[in-house]
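Chain by chain, the residues run as shown.
Number of protein chains: 4
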Amino acid sequence: MQKITLLIHCKDQKGIIAAVTNYIACIDGNIVYLDQHVDEDEDVFFMRIECEFKNPKNDLKALEADFEQQLAAPFEMTWQLFTQEQKPKMAIFVSKYDHCLYDVLGRYRANELPLEISVIISNHRDLEPVAQQFGIPFYHVPFTKEIKVKGEEQQLEILHKYEIDFIVLARYMQIITPNLIARYKNRIINIHHSFLPAFPGAKPYHSAFKRGVKIIGATSHYVTEELDEGPIIEQDIARVSHSHSIEDFITKGRDVERMVLARAIKLHAEHKTMVYNNKTVVFL
Amino acid sequence: MQKITLLIHCKDQKGIIAAVTNYIACIDGNIVYLDQHVDEDEDVFFMRIECEFKNPKNDLKALEADFEQQLAAPFEMTWQLFTQEQKPKMAIFVSKYDHCLYDVLGRYRANELPLEISVIISNHRDLEPVAQQFGIPFYHVPFTKEIKVKGEEQQLEILHKYEIDFIVLARYMQIITPNLIARYKNRIINIHHSFLPAFPGAKPYHSAFKRGVKIIGATSHYVTEELDEGPIIEQDIARVSHSHSIEDFITKGRDVERMVLARAIKLHAEHKTMVYNNKTVVFL
Amino acid sequence: MQKITLLIHCKDQKGIIAAVTNYIACIDGNIVYLDQHVDEDEDVFFMRIECEFKNPKNDLKALEADFEQQLAAPFEMTWQLFTQEQKPKMAIFVSKYDHCLYDVLGRYRANELPLEISVIISNHRDLEPVAQQFGIPFYHVPFTKEIKVKGEEQQLEILHKYEIDFIVLARYMQIITPNLIARYKNRIINIHHSFLPAFPGAKPYHSAFKRGVKIIGATSHYVTEELDEGPIIEQDIARVSHSHSIEDFITKGRDVERMVLARAIKLHAEHKTMVYNNKTVVFL
Amino acid sequence: MQKITLLIHCKDQKGIIAAVTNYIACIDGNIVYLDQHVDEDEDVFFMRIECEFKNPKNDLKALEADFEQQLAAPFEMTWQLFTQEQKPKMAIFVSKYDHCLYDVLGRYRANELPLEISVIISNHRDLEPVAQQFGIPFYHVPFTKEIKVKGEEQQLEILHKYEIDFIVLARYMQIITPNLIARYKNRIINIHHSFLPAFPGAKPYHSAFKRGVKIIGATSHYVTEELDEGPIIEQDIARVSHSHSIEDFITKGRDVERMVLARAIKLHAEHKTMVYNNKTVVFL
Numbered sequence: 001m002q003k004i005t006l007l008i009h010c011k012d013q014k015g016i017i018a019a020v021t022n023y024i025a026c027i028d029g030n031i032v033y034l035d036q037h038v039d040e041d042e043d044v045f046f047m048r049i050e051c052e053f054k055n056p057k058n059d060l061k062a063l064e065a066d067f068e069q070q071l072a073a074p075f076e077m078t079w080q081l082f083t084q085e086q087k088p089k090m091a092i093f094v095s096k097y098d099h100c101l102y103d104v105l106g107r108y109r110a111n112e113l114p115l116e117i118s119v120i121i122s123n124h125r126d127l128e129p130v131a132q133q134f135g136i137p138f139y140h141v142p143f144t145k146e147i148k149v150k151g152e153e154q155q156l157e158i159l160h161k162y163e164i165d166f167i168v169l170a171r172y173m174q175i176i177t178p179n180l181i182a183r184y185k186n187r188i189i190n191i192h193h194s195f196l197p198a199f200p201g202a203k204p205y206h207s208a209f210k211r212g213v214k215i216i217g218a219t220s221h222y223v224t225e226e227l228d229e230g231p232i233i234e235q236d237i238a239r240v241s242h243s244h245s246i247e248d249f250i251t252k253g254r255d256v257e258r259m260v261l262a263r264a265i266k267l268h269a270e271h272k273t274m275v276y277n278n279k280t281v282v283f284l
Numbered sequence: 001m002q003k004i005t006l007l008i009h010c011k012d013q014k015g016i017i018a019a020v021t022n023y024i025a026c027i028d029g030n031i032v033y034l035d036q037h038v039d040e041d042e043d044v045f046f047m048r049i050e051c052e053f054k055n056p057k058n059d060l061k062a063l064e065a066d067f068e069q070q071l072a073a074p075f076e077m078t079w080q081l082f083t084q085e086q087k088p089k090m091a092i093f094v095s096k097y098d099h100c101l102y103d104v105l106g107r108y109r110a111n112e113l114p115l116e117i118s119v120i121i122s123n124h125r126d127l128e129p130v131a132q133q134f135g136i137p138f139y140h141v142p143f144t145k146e147i148k149v150k151g152e153e154q155q156l157e158i159l160h161k162y163e164i165d166f167i168v169l170a171r172y173m174q175i176i177t178p179n180l181i182a183r184y185k186n187r188i189i190n191i192h193h194s195f196l197p198a199f200p201g202a203k204p205y206h207s208a209f210k211r212g213v214k215i216i217g218a219t220s221h222y223v224t225e226e227l228d229e230g231p232i233i234e235q236d237i238a239r240v241s242h243s244h245s246i247e248d249f250i251t252k253g254r255d256v257e258r259m260v261l262a263r264a265i266k267l268h269a270e271h272k273t274m275v276y277n278n279k280t281v282v283f284l
Numbered sequence: 001m002q003k004i005t006l007l008i009h010c011k012d013q014k015g016i017i018a019a020v021t022n023y024i025a026c027i028d029g030n031i032v033y034l035d036q037h038v039d040e041d042e043d044v045f046f047m048r049i050e051c052e053f054k055n056p057k058n059d060l061k062a063l064e065a066d067f068e069q070q071l072a073a074p075f076e077m078t079w080q081l082f083t084q085e086q087k088p089k090m091a092i093f094v095s096k097y098d099h100c101l102y103d104v105l106g107r108y109r110a111n112e113l114p115l116e117i118s119v120i121i122s123n124h125r126d127l128e129p130v131a132q133q134f135g136i137p138f139y140h141v142p143f144t145k146e147i148k149v150k151g152e153e154q155q156l157e158i159l160h161k162y163e164i165d166f167i168v169l170a171r172y173m174q175i176i177t178p179n180l181i182a183r184y185k186n187r188i189i190n191i192h193h194s195f196l197p198a199f200p201g202a203k204p205y206h207s208a209f210k211r212g213v214k215i216i217g218a219t220s221h222y223v224t225e226e227l228d229e230g231p232i233i234e235q236d237i238a239r240v241s242h243s244h245s246i247e248d249f250i251t252k253g254r255d256v257e258r259m260v261l262a263r264a265i266k267l268h269a270e271h272k273t274m275v276y277n278n279k280t281v282v283f284l
Numbered sequence: 001m002q003k004i005t006l007l008i009h010c011k012d013q014k015g016i017i018a019a020v021t022n023y024i025a026c027i028d029g030n031i032v033y034l035d036q037h038v039d040e041d042e043d044v045f046f047m048r049i050e051c052e053f054k055n056p057k058n059d060l061k062a063l064e065a066d067f068e069q070q071l072a073a074p075f076e077m078t079w080q081l082f083t084q085e086q087k088p089k090m091a092i093f094v095s096k097y098d099h100c101l102y103d104v105l106g107r108y109r110a111n112e113l114p115l116e117i118s119v120i121i122s123n124h125r126d127l128e129p130v131a132q133q134f135g136i137p138f139y140h141v142p143f144t145k146e147i148k149v150k151g152e153e154q155q156l157e158i159l160h161k162y163e164i165d166f167i168v169l170a171r172y173m174q175i176i177t178p179n180l181i182a183r184y185k186n187r188i189i190n191i192h193h194s195f196l197p198a199f200p201g202a203k204p205y206h207s208a209f210k211r212g213v214k215i216i217g218a219t220s221h222y223v224t225e226e227l228d229e230g231p232i233i234e235q236d237i238a239r240v241s242h243s244h245s246i247e248d249f250i251t252k253g254r255d256v257e258r259m260v261l262a263r264a265i266k267l268h269a270e271h272k273t274m275v276y277n278n279k280t281v282v283f284l
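Residue numbers (my numbering), protein chains in the order written: chain A, 1 to 284; chain B, 1 to 284; chain C, 1 to 284; chain D, 1 to 284.
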């Protein structure tokens, strides 16, 4: 049994669902999941389909070419096709905070993530032992404003060497260069430690404490050139009270951060997110 | 612009989605929402479609007959078709607790519920003033084990008179007769004040307090002959602690009850629930 | 059995708890609840005590004078004493949105709020029938920038006439004058339809939709001269997704608004909130 | 600065709080946290105090003897005193599931847990590499009904050798013997994968799926001889829908399990839990 996932978006048009589902029926596929969304303001159609084939399509190239000709071209679709066997390759960028890293690696070893963690890149050496402990290649790539050209060059080289599909910033405390963002458009996931758009930028827990909020949160989003302004993938919150200190906010926040980041990684790796107009469509 | 909602379930078969979406395209409908589900254990297919017609179908009977012949018969579908204008008629059964009643009536007057509240039936006279205050017909139908045949008869008469589509038990403290359940199969919604299957039956807050739980809940479900065993529509919870008394449990629980009941009523009235195998499919 | 609640705050000093609890023991009171908080940054001490007296203190004035002399003066306390019988008198300000109003009035009639709703004031006549339906005096006080002096005057007169203790803005869409804020310092509760500090000001659901957030929220806070910047009493959130329109955000948000407002009203009426440094201490 | 935590419970009596807080003031302690609870049904008083001493009490034995004589004896208190430096020693029991183990060890290495993980005991060898990876001693102690006397003997020997203070069952799939339970009364924490009392015993996710619930949960509790009937420390839930398979329930449930277990471990290690009458008092 072969399982294929199809992501499609295009201008909304009458008959798209019929056309695509017909096509899948004609090539002997069985649809096990279909979700669609119409953005009525933008008049855009989104669809995610999972289908199964009893007789595996061994020549995927031919299938893709046929789909392009029969459907994608006439409807002017932007589309992607994934097979379940292709596990995306992920790189992790970290600095010194280790809680998200431990959480992601623990989940990886517990077989909860449908992906391959190929490499860990850090601007510090502090977390190298964690990488070693979990048997993941680790690269120390210093990065500051002064050496960002060289830093970016090294990063790109490593990402290329490991054929990385997407990048996770697990509390990485340096900016990502526009060049890297462009190369990995909608494929760099950051975790920010506030419920955006509240408290963007540095030290959000301190700001939240000062404001006297009763809930704190975390936000995972795709990285764009505007800091903390990219398309939001997932958010969650925790309740706090007057009895909590800034340190308590940070401790409680860590739990939210790791949960929200883990969910975003999983959604991305399972091809359940689509980006349009600086927003995400997340098919659960 | 005419809006039609279609609910379908049948044995899972290849090509159903294509057939139905084709049909809608052929009759000039535009699908604005489609959600489907396959119960793989039971091999059953469920679908909910909302579609819009620029040229309203004035002869719905003809449309229904055509759909039956073209699609429902060949695929052996169980199906229902609703137009947006048809607001379902709802009866409320209450006893003496008034918090759910106030909540439902307040939402109704605030135009949050796509339905018509036609009548309130109670085994006590206590809440008659509330019905009057909101201008809803009220009937006092005494009901005890001893007079349940007569009670049921009166209930059915009133339900018939007001052409009731579905019934909401807003903390109604008497049993519903098998006859009434059969007449309104999957159309009687109860709110039970625990997260079922924990604490079925009477006094769940007392049992929860005794057990020392840290969360309490409420459950809305369709009524079946087995007490508190019907298909669950919606559940939610609230956190409690050692500092809460049984009275606090009850107070906090009331908030959960009214929220969970209101959501279930709305889901049912919007034709977003389907029942199969004592479970619900809820298309959000 | 007489029940008294005591709220205290002062500079943190060694021995305060002992002194106060000793005092209560000496006057034959039994402490049934004690909660305290030290703001270590500001070095301020807060305490809330509920105590019971088998022999009621009929001369409260004498008790207060004694407490002032024995404890409040030496420790330089700011303090308040409440008996359970004194129900605070509340005024509701509304404009045209009715969902919070229905919710508060429904809870009031269902005996969930330990207070008296004395009057409803509105800058429109739309909700007068709701006030009548629930038997609460209603005053139409037009209010715009141009007539704000006259509007304020009328508001103050009505508040004075009904001896109002605190004011609830149940989605009141006009500004509150500095004069009124000063008279009811930390006694005017607003409900804002976002999780502040995200989306202050007008049309927060529209902004939240545009930003593509995955959670929306509501915030109840005491009104200060800075719009949406006052001390936060309570917040809560609801999950949203790409499939929700702005209208869906608004509908889901209404549920959060009414819940958060109801909780804030209850906390205030039970004397469980204290304000310091633009933050609240909320003793649950 | 020395920090001491005091846990007290006894029959409710007038003047206890005053007596204890007086005592602390007299020995030059500053109370930074005080929480108390009166179980009115059982007439029992609970208190947790954190206090700081600028001049450390080096002779703790003397302090304890003095407290016993001055306060504990006259009020017939059950009480415990902890200093912040004493980190409790924890043993982990596991079988084959690794997600809770990875989570606890990750948090431990990320310095989130105020305790020492001294040893891991398992009835299988599968997770030995995880223990090695994190540098924690691992013991394989086979355990079945047939060899439970020998198994228990080995377990007790290891627990004794490492001077274990409390035990965490991180999805340990064997029963704990009555003898072990008695030795570690209210010091063995289990994580059960349902919101108890719903779905006790084996395969709760399967039962939850069959019942068609809309929320699943997890419960951490102290182990007693009655399976899944011990005092509940913490619970939490996750929402599920018709679209989730049993496998999805299990995956989502793992997140709840690890969060609920981690919270319970932290609460216990920080001496924030007290047990009475098969319920917990949890001072947050």
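In case anyone wonders, no lab produced these hints; they're calculated from the structure. It is possible that some hints are incorrect.
For identical chains, the list gives no copy identity; a pair is met inside one copy or between any two copies.
Distance condition first, Cα-Cα at most 30 Å in a straight line; then the derived DSSO-like pairs of lysine-lysine [said to hold, decoys possible]:
{"#": "1", "residue 1": "Lys11", "residue 2": "Lys210"}
{"#": "2", "residue 1": "Lys203", "residue 2": "Lys11"}
{"#": "3", "residue 1": "Lys203", "residue 2": "Lys279"}
{"#": "4", "residue 1": "Lys203", "residue 2": "Lys57"}
{"#": "5", "residue 1": "Lys203", "residue 2": "Lys3"}
{"#": "6", "residue 1": "Lys252", "residue 2": "Lys148"}
{"#": "7", "residue 1": "Lys54", "residue 2": "Lys252"}
{"#": "8", "residue 1": "Lys161", "residue 2": "Lys14"}
{"#": "9", "residue 1": "Lys96", "residue 2": "Lys252"}
{"#": "10", "residue 1": "Lys3", "residue 2": "Lys252"}
{"#": "11", "residue 1": "Lys161", "residue 2": "Lys54"}
{"#": "12", "residue 1": "Lys61", "residue 2": "Lys14"}
{"#": "13", "residue 1": "Lys89", "residue 2": "Lys266"}
{"#": "14", "residue 1": "Lys14", "residue 2": "Lys3"}
{"#": "15", "residue 1": "Lys272", "residue 2": "Lys252"}
{"#": "16", "residue 1": "Lys203", "residue 2": "Lys61"}
{"#": "17", "residue 1": "Lys210", "residue 2": "Lys272"}
{"#": "18", "residue 1": "Lys61", "residue 2": "Lys96"}
{"#": "19", "residue 1": "Lys210", "residue 2": "Lys14"}
{"#": "20", "residue 1": "Lys272", "residue 2": "Lys11"}
{"#": "21", "residue 1": "Lys161", "residue 2": "Lys252"}
{"#": "22", "residue 1": "Lys14", "residue 2": "Lys272"}
Being a predicted model, the structure only gives us computed values, none of them experimental.
Status of each hint after checking the structure:
In this assembly of identical chains, the alpha carbons of lysine 11 and lysine 210 lie at most 30 Å apart only when taken from different copies (20 Å versus 46 Å within one copy). In the homo-oligomer, the alpha carbons of lysine 203 and lysine 11 lie at most 30 Å apart only across protomers (29 Å), although the nearest pairing inside one protomer, at 41 Å, exceeds that limit. Proximity of lysine 203 and lysine 279 under a CA criterion of 30 Å is satisfied in both settings, with 25 Å inside one chain copy and 19 Å between copies. In the homo-oligomer, the alpha carbons of lysine 203 and lysine 57 never lie at most 30 Å apart, since the shortest distance is 51 Å inside one protomer and 37 Å across protomers.
With identical chains, the CA atoms of lysine 203 and lysine 3 are at most 30 Å apart between copies only, with a shortest distance of 28 Å across copies and 44 Å within one. Taking CA atoms no more than 30 Å apart as the test, lysine 252 paired with lysine 148 passes in neither setting, with 33 Å inside one copy and 40 Å between copies. Taking the shortest Cα distances, lysine 54 and lysine 252 sit within 30 Å of each other only across copies (29 Å), while inside one copy they are farther apart (47 Å). Proximity of lysine 161 and lysine 14 under a CA criterion of 30 Å is satisfied in neither setting, with 44 Å inside one chain copy and 43 Å between copies.
Within a single copy, lysine 96 and lysine 252 get their C-alpha atoms as close as 18 Å, and across copies as close as 29 Å, so both meet the 30 Å cut-off. Within a single copy, lysine 3 and lysine 252 get their C-alpha atoms only as close as 39 Å, which misses the 30 Å cut-off; across copies the closest is 22 Å, which meets it. In the homo-oligomer, the alpha carbons of lysine 161 and lysine 54 never lie at most 30 Å apart, since the shortest distance is 36 Å inside one protomer and 55 Å across protomers. For the identical chains of this complex, lysine 61 and lysine 14 are neighbours both inside a copy (28 Å) and across copies (24 Å), given an alpha-carbon limit of 30 Å.
Taking the closest pair of Cα atoms, lysine 89 and lysine 266 come within 30 Å of each other only inside a single copy of the chain (12 Å); across copies the shortest separation is 35 Å, beyond that limit. Taking the closest pair of Cα atoms, lysine 14 and lysine 3 come within 30 Å of each other both inside a single copy (27 Å) and across two copies (15 Å). In this homomeric assembly, lysine 272 and lysine 252 come within 30 Å of each other (Cα to Cα) both inside a single copy, at 28 Å, and across copies, at 16 Å. For a Cα distance limit of 30 Å, the shortest separation of lysine 203 from lysine 61 qualifies neither inside one copy, at 48 Å, nor across copies, at 44 Å.
For the identical chains of this complex, lysine 210 and lysine 272 are inter-copy neighbours only, at 21 Å across copies versus 37 Å inside a copy, given an alpha-carbon limit of 30 Å. Taking CA atoms no more than 30 Å apart as the test, lysine 61 paired with lysine 96 passes in neither setting, with 43 Å inside one copy and 41 Å between copies. For the homomeric pair lysine 210 and lysine 14, the shortest alpha-carbon distance between copies (26 Å) is at most 30 Å, but the shortest distance inside one copy (52 Å) is not. In this assembly of identical chains, the alpha carbons of lysine 272 and lysine 11 lie at most 30 Å apart whether taken from the same copy (20 Å) or from different copies (27 Å).
With identical chains, the CA atoms of lysine 161 and lysine 252 are never at most 30 Å apart, being 37 Å at best within one copy and 34 Å at best between copies. Taking identical chains as interchangeable, the C-alpha atoms of lysine 14 and lysine 272 lie at most 30 Å apart whether they share a chain (24 Å) or sit on different chains (24 Å).
Violated hints, listed in ascending order, are 4, 6, 8, 11, 16, 18 and 21; each of the other numbered hints is respected by the structure.
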